[in-house]
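Number of protein chains: 2
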Amino acid sequence: MKIVKKIKDLRSHISGMEGNTGFVPTMGYLHDGHSDLIRTSIRDNDNTIVSIFVNPEQFCEGEDLDRYPMDMERDIDILNTLGVNVLFLPDKMEIYPSGYKTFVTVREMDEVLCGRSRPGHFTGVATIVLKLINIIEPHYVYFGKKDAQQLIILKQMISDLNISSEVKSVDIRRDLDGLALSSRNSYLSEKGRKSALVISESLKYAEYLINEKRITDAGIIKKNIADLILKIGDVEIDYIEIVSLRNLEDLDKINLNSTLIAIAAYIEGVRLIDNIIFGEI
Amino acid sequence: MKIVKKIKDLRSHISGMEGNTGFVPTMGYLHDGHSDLIRTSIRDNDNTIVSIFVNPEQFCEGEDLDRYPMDMERDIDILNTLGVNVLFLPDKMEIYPSGYKTFVTVREMDEVLCGRSRPGHFTGVATIVLKLINIIEPHYVYFGKKDAQQLIILKQMISDLNISSEVKSVDIRRDLDGLALSSRNSYLSEKGRKSALVISESLKYAEYLINEKRITDAGIIKKNIADLILKIGDVEIDYIEIVSLRNLEDLDKINLNSTLIAIAAYIEGVRLIDNIIFGEI
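Chains F and S supply the protein sequences, listed in that same order. No gaps in the numbering here: position 113 of the first sequence is 112 in numbering that gives the first Met the number 0, and each next residue is one more. No gaps in the numbering here: position 11 of the second sequence is 10 in numbering that gives the first Met the number 0, and each next residue is one more.
Hints in this document: simulated from the structure, not taken from any laboratory. Among the hints, a few may not be true.
The list makes no distinction among identical chains, and a pair is therefore deemed to hold if it is satisfied within one copy or across any two copies.
As the list claims (entries may be wrong) - Derived DSS-like pairs (lysine-lysine); straight-line CA-CA distance at most 25 Å:
1) Lys100 - Lys154
2) Lys167 - Lys100
3) Lys100 - Lys145
4) Lys230 - Lys203
5) Lys4 - Lys252
6) Lys144 - Lys100
Using the sequences plus the hints, can you model the full thing?
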């Protein structure tokens with residue numbers, strides 16, 4: 000695997016590559032969720048480029064930028080083993096040089112769900128992804144469904160801005176106990192981790208209510224999820240939302256072809272998210 | 000000249016083109032300033048694509064979107080005569096389809112000079128130019144120096160977002176009497192047009208004070224410009240600013256390698272801009 004730190008060197012390397020290129024942007028501290036994205040890209044493309052860049056612009060005031068987990072040696076081992084062709088590993092000044100001023104916003108969609116408690120987060124995400132796509136010009140770019148709002152916002156951006164790269168999404172990867180994989184799970188104590196299971200369990204219960212009990216009222220579904228979660232004392236709900244996959248607007252009724260049920264909650268001060276999706280993103 | 004209205008058709012036409020492509024985005028009602036841009040592109044590239052799209056997103060509340068001058072037959076004649084290869088002539092829904100949400104902002108730079116009296120204008124400009132560049136993927140994109148702030152903002156955007164197209168700028172085209180060409184000049188009465196000459200004359204006087212009288216104090220230059228303009232009763236100054244070419248920040252002293260002296264003024268309700276530039280943009 001070639002490791003490249005400078006945009007100029009990456010472009011020159013890419014110009015010598017033949018065939019399709021898949022791109023997987025990450026913030027490192029890779030887990031099996033990332034590996035699923037990377038394996039999908041390797042399967043579908045002649046070349047796979049992975050970036051690791053902890054993007055300061057997508058962290059808000061008081062968030063965990065300074066303590067975001069990192070283990071570069073392990074990440075490089077994983078990428079080598081998977082068979083990645085190029086790791087792009089820029090430093091902050093390479094991405095945001097002195098005097099940097101340009102930001103992309105996907106309006107409305109960035110104000111709901113996680114956007115409410117993370118102002119500016121999705122502007123940071125959209126901006127870094129646009130920059131990386133412009134640098135790499137991949138045929139396909141891969142995102143996980145765990146960050147469903149991010150995925151929907153980035154698809155909207157790529158369509159709105161007439162970008163020729165195509166977004167591919169990959170299912171949520173869960174541990175055996177059901178917890179959705181996240182680099183931030185490493186912050187949790189064993190007890191916190193156990194409490195966190197209620198999030199995925201409540202989503203499974205919602206799925207049961209919808210698929211088996213034919214409940215379509217979004218309010219009833221949300222109340223059932225909240226009741227389950229609030230039974231566990233140390234989980235603080237940020238939001239439980241039921242929205243359209245198309246535009247992230249609130250739904251009153253479950254639409255089996257276009258619904259996102261998304262949860263964000265704090266456990267031991269750690270913000271975790273999870274979701275289930277009805278329909279295709 | 001091929002006239003294309005749909006993005007899909009334009010992309011398919013471009014994919015069959017060979018050699019370098021130059022792109023000149025316009026809002027139509029072409030004058031000799033546009034022709035200079037187009038001739039430069041034709042001279043320097045194998046293919047030249049011109050777009051005509053009156054971009055609603057760059058007009059503010061109360062501006063002249065609904066009465067912006069248009070003469071498509073004449074424009075097409077001009078483009079044919081110049082030897083343009085492709086005219087891209089999209090309608091509004093092709094550029095901003097229903098549910099459109101994504102906008103690009105070049106922060107700080109868009110709040111000064113014209114940004115102050117035209118909130119949102121440069122977000123509209125940056126967004127349409129980014130979209131058109133993504134659709135056309137030109138090697139070079141051409142802008143006039145009359146819209147100096149626009150030119151500097153777009154260069155910043157293209158650099159910040161790692162876009163591989165390169166900006167080329169072309170000098171201001173003036174009528175024999177010195178008035179900078181603008182589609183909006185057509186709004187002026189003969190009397191208004193005469194009053195408007197004070198703008199370019201005051202800039203010439205500023206140039207004389209700087210080059211011949213070696214005056215470097217920006218305050219003195221601004222005062223001399225204002226005194227000249229205010230002698231003409233029916234010209235209302237919006238701003239007279241002296242800023243750095245690099246970041247559009249105010250300058251106290253003229254820097255002969257990086258200074259923009261920019262004026263905006265209203266004559267008969269028509270907003271006109273003009274400038275002189277010391278250094279290279």
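Here is what the structure says about each hint:
no.: 1; hint: Lys100 - Lys154; verdict: both (23 Å within a copy, 11 Å between copies)
no.: 2; hint: Lys167 - Lys100; verdict: between (29 Å within a copy, 20 Å between copies)
no.: 3; hint: Lys100 - Lys145; verdict: between (30 Å within a copy, 22 Å between copies)
no.: 4; hint: Lys230 - Lys203; verdict: within (16 Å within a copy, 76 Å between copies)
no.: 5; hint: Lys4 - Lys252; verdict: neither (48 Å within a copy, 39 Å between copies)
no.: 6; hint: Lys144 - Lys100; verdict: between (30 Å within a copy, 21 Å between copies)
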